[in-house]
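Student: Sequence:
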Amino acid sequence: MDNRMNPERAAGTSEPEHQGPRPVPYTYHDGREDYLHVGRQGGAGTDQPEALVPPSEGMSPRAEATAMPPETTALPPEATALPPEATALPPKAMPEAPRAAPSAAEQRPRQGAPMREIVARGLRTGAVMTAATMCTMMAASTVKRGSPWASMNAMATAVGVWGRRVGDRFDPVVTPAGIAALAGGLLVWGIGYEKALDAAGRRSDALTGALSAFGGFLFDELVLPDRLMKNFRRKMGVLGTFSKYVALGVTSAAAPRR
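Count the sequence shown with my numbering and you get residues 1 to 258, in order.
It is possible that part of the hints are untrue.
Stated by the list, open to error - Ranges between beta-carbon positions, derived for each pair:
hint, residue 1, residue 2, range
1, Leu218, Arg124, 23 to 29 Å
2, Arg116, Pro176, 15 to 21 Å
3, Pro176, Asp205, 32 to 38 Å
4, Lys230, Gly201, 35 to 41 Å
5, Leu239, Ala199, 33 to 39 Å
6, Met115, Gly167, 38 to 44 Å
7, Val159, Val238, 19 to 25 Å
8, Cys135, Arg203, 22 to 28 Å
9, Val173, Leu207, 38 to 44 Å
10, Arg203, Ala131, 19 to 25 Å
11, Arg202, Leu123, 15 to 21 Å
12, Phe214, Ala131, 19 to 25 Å
13, Asp226, Met115, 32 to 38 Å
By construction, these hints were calculated from the structure, which means they are not laboratory data.
None of these values were measured; they are calculated from a predicted model.
For every residue, glycine included, the Cβ atom is placed at its ideal position computed from N, Cα and C.
Using the sequences plus the hints, can you model the full thing?
Tutor: Printed below as a string of structure tokens:
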């Protein structure tokens, strides 16, 4: 019997029009393998893939079905942030700020003032010392002996003028010799004082003034003849002699440093 005349048999032997999709193996560009379900849709004559995952997505339909949503895998910001003490470096590991390069004036060694300038300053300082010390000595001898020239005459014994004892009144030879000896010695002392300040890199102050006065006392006691100190005490008294070194120290401390 012809199959066309028996619809039931024809239906049992022919391929159904709406047969389900069949799996077809497919290999992606990255080497993964999967199956594509291909079948007829709406009686079309060609097989059409029902679901085709683009290779650019890089994930199979099964992986998409099992992937977790982003909100379930994301951690809260506070769970990923580290505390400040965990990122801070210890004090020794912290980089130090760059130090400024020393200036040219600091790099080269300090040079002292020229000798001409030191001598000029020393002469000015010595002149002030001479004026202050002479006035103090003359005032002390006036109180002690009744004559301002007695102290200058005593100073002349330092250079051997008029022997061991001198008078109290003005003498045309002894008195100028005493004034010259005092002025010359203090002018040299002023130059030495300024030279010492320049070498030490200091300015005149109370300490340098005290050292100058003590140095003057030692010079008179240890270097000059003994008769000088005896005549000082005789013509000016002990207090007047002490005031001489006080005047020397005060003027040394007040000497301007230019």
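Student: Are the hints correct? Go through all of them and say.
Tutor: Status of each hint after checking the structure:
Separated by about 24 Å at the C-beta atoms, Leu218 and Arg124 satisfy the suggested range of 23 to 29 Å. For Arg116 paired with Pro176, a C-beta distance near 30 Å fails the hint of 15 to 21 Å. A beta carbon spacing of about 35 Å between Pro176 and Asp205 agrees with the range 32 to 38 Å that was offered as a hint. The supplied range of 35 to 41 Å is met by Lys230 and Gly201, whose beta-carbon atoms lie about 40 Å from each other.
Here the CB-CB span from Leu239 to Ala199 is close to 34 Å, well matched to the stated 33 to 39 Å. Checked against the given bound of 38 to 44 Å, the beta carbons of Met115 and Gly167, roughly 42 Å apart, stay inside it. Against the hinted window of 19 to 25 Å, the Cβ-Cβ separation of Val159 and Val238 comes to about 23 Å, which satisfies the hint. Restraint check, Cys135 to Arg203: a C-beta distance of roughly 25 Å satisfies the suggested window 22 to 28 Å.
Between Val173 and Leu207 the C-beta distance comes to about 40 Å, which sits within the given range of 38 to 44 Å. In this structure, Arg203 and Ala131 meet the distance hint of 19 to 25 Å, their C-beta atoms being roughly 21 Å apart. The beta-carbon spacing between Arg202 and Leu123, approximately 20 Å, falls within the hinted interval of 15 to 21 Å. Distance hint for Phe214 and Ala131: a CB-CB separation of about 21 Å, consistent with the stated range 19 to 25 Å.
The beta-carbon spacing between Asp226 and Met115, approximately 35 Å, falls within the hinted interval of 32 to 38 Å.
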